[in-house]
Amino acid sequence: MARLTTATADYATELQTLSEGSVNLHFDPFVDIDWDAPDMVVDKNDPRWVLPAYDPLAKTDWYQGLSHERQIEVGLWRQANVAKVGLQFESLLIRGMQQYIMTLPNGSPEFRYCLHEITEECNHIQMFQELVNRIGVDTPGMDWWIRPFAPFVPLMSFLPVPFFIMVLGGEEPIDHYQKAIARSGDDIPPILGRITAIHIAEEARHISFAHKFIEEHLKDAGPIRRAITGAFLAIIMRSMATIIMAPPVEFRRKFKVPRSAWRQAFWRSPESKQMLVDFFADVRTLAVETRLLTPRSRWLWKLLGIYGDTARYRSEPMQFRRA
Numbered sequence: 339m340a341r342l343t344t345a346t347a348d349y350a351t352e353l354q355t356l357s358e359g360s361v362n363l364h365f366d367p368f369v370d371i372d373w374d375a376p377d378m379v380v381d382k383n384d385p386r387w388v389l390p391a392y393d394p395l396a397k398t399d400w401y402q403g404l405s406h407e408r409q410i411e412v413g414l415w416r417q418a419n420v421a422k423v424g425l426q427f428e429s430l431l432i433r434g435m436q437q438y439i440m441t442l443p444n445g446s447p448e449f450r451y452c453l454h455e456i457t458e459e460c461n462h463i464q465m466f467q468e469l470v471n472r473i474g475v476d477t478p479g480m481d482w483w484i485r486p487f488a489p490f491v492p493l494m495s496f497l498p499v500p501f502f503i504m505v506l507g508g509e510e511p512i513d514h515y516q517k518a519i520a521r522s523g524d525d526i527p528p529i530l531g532r533i534t535a536i537h538i539a540e541e542a543r544h545i546s547f548a549h550k551f552i553e554e555h556l557k558d559a560g561p562i563r564r565a566i567t568g569a570f571l572a573i574i575m576r577s578m579a580t581i582i583m584a585p586p587v588e589f590r591r592k593f594k595v596p597r598s599a600w601r602q603a604f605w606r607s608p609e610s611k612q613m614l615v616d617f618f619a620d621v622r623t624l625a626v627e628t629r630l631l632t633p634r635s636r637w638l639w640k641l642l643g644i645y646g647d648t649a650r651y652r653s654e655p656m657q658f659r660r661a
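Under my numbering, read the sequence shown as residues 339 to 661, first letter to last.
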């Protein structure tokens, strides 16, 4: 009993630290971004809108064979749609998290932190939508097949651990993608660079909370529950990678993307397969530590193409993990 009490106290302390971080370091999209500064203007002839080298589409023979002007056009559409998917996902997160915290008892430290995160996610929605508006292309965001089901996702909050696994599935791929681009040193438009920096800074807290939440709420779970949860975790991570990273059918039609390029970009080529594995190094660490990924369940992660090394620390750079 003493061990559980100490663990609960540690969890509360961690949430207090995260809450204080939200108070001491937060961003307002209309205060901390000078949208009307000359260098923030979206110039549709700016070569910096060519997709960064890390983007899975940028690696395809199809994209590399396009004219420079067409590469810029694809890059603008792609970045606008990534932002649109991001704000749609964060809207679902907010609705689910609001439902969850209404079930919490008075005095719960989760209540305060979740509200801080909700506030930050509202700001992210404002920030991403403003980027979409300024780029000026009418992107739909999520692909057609997921849109009808999206309103039901917040209902998963009545099953808190599966819900926060879904949250993590949306956060990890885009966080990894943004950090990889930031670390690459690629010359990207200032407006995109500023938004990326803000999102990375605040998303670190959100991902940390999701990890801590899953750890805390599984501490008394038995082997059957862990086995089921582990399978759910693996399936959701693999599914969310495609939902978050792959553009919708409208993109494929507009730019006449051949099937061969699509397969090359999204998890069929050796490079894209490795990217898929790299997305989830932190998640694999969490899964091993919570006994959701074991020698017996490893086969499923391998089948889904997301098994690999664990990270020694949060957001460990890929080249360090492979050394």
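Please keep in mind that the hints were generated in silico from the structure rather than gathered at the bench. Careful: at least some of the hints might be erroneous.
As the list claims (entries may be wrong) - Below, simulated DSSO-like cross-link-like pairs (lysine-lysine); rule was C-alpha separation at most 27 Å, straight line:
id, residue 1, residue 2
1, 557, 640
2, 611, 594
3, 382, 517
4, 611, 382
5, 382, 594
6, 382, 550
7, 382, 557
8, 517, 397
9, 557, 397
10, 592, 557
11, 550, 640
12, 517, 611
13, 397, 382
14, 611, 592
15, 557, 517
16, 517, 640
17, 397, 550
Unchecked claim - Here are the simulated distance ranges between beta carbons:
id, residue 1, residue 2, range
18, 375, 612, 15 to 25 Å
19, 402, 647, 27 to 37 Å
20, 535, 358, 20 to 30 Å
21, 374, 626, 21 to 31 Å
22, 350, 381, 43 to 53 Å
23, 592, 363, 33 to 43 Å
24, 555, 453, 16 to 26 Å
25, 601, 436, 15 to 25 Å
26, 654, 580, 44 to 54 Å
27, 402, 453, 22 to 32 Å
Built from N, CA and C at the ideal position, the CB exists for glycine as well.
Could you work out which earlier hints the structure fails to respect and list their numbers in ascending sequence? Numbers 4, 6, 7, 9, 10, 15, 17, 18, 21, 25, 26, 27, in rising order.
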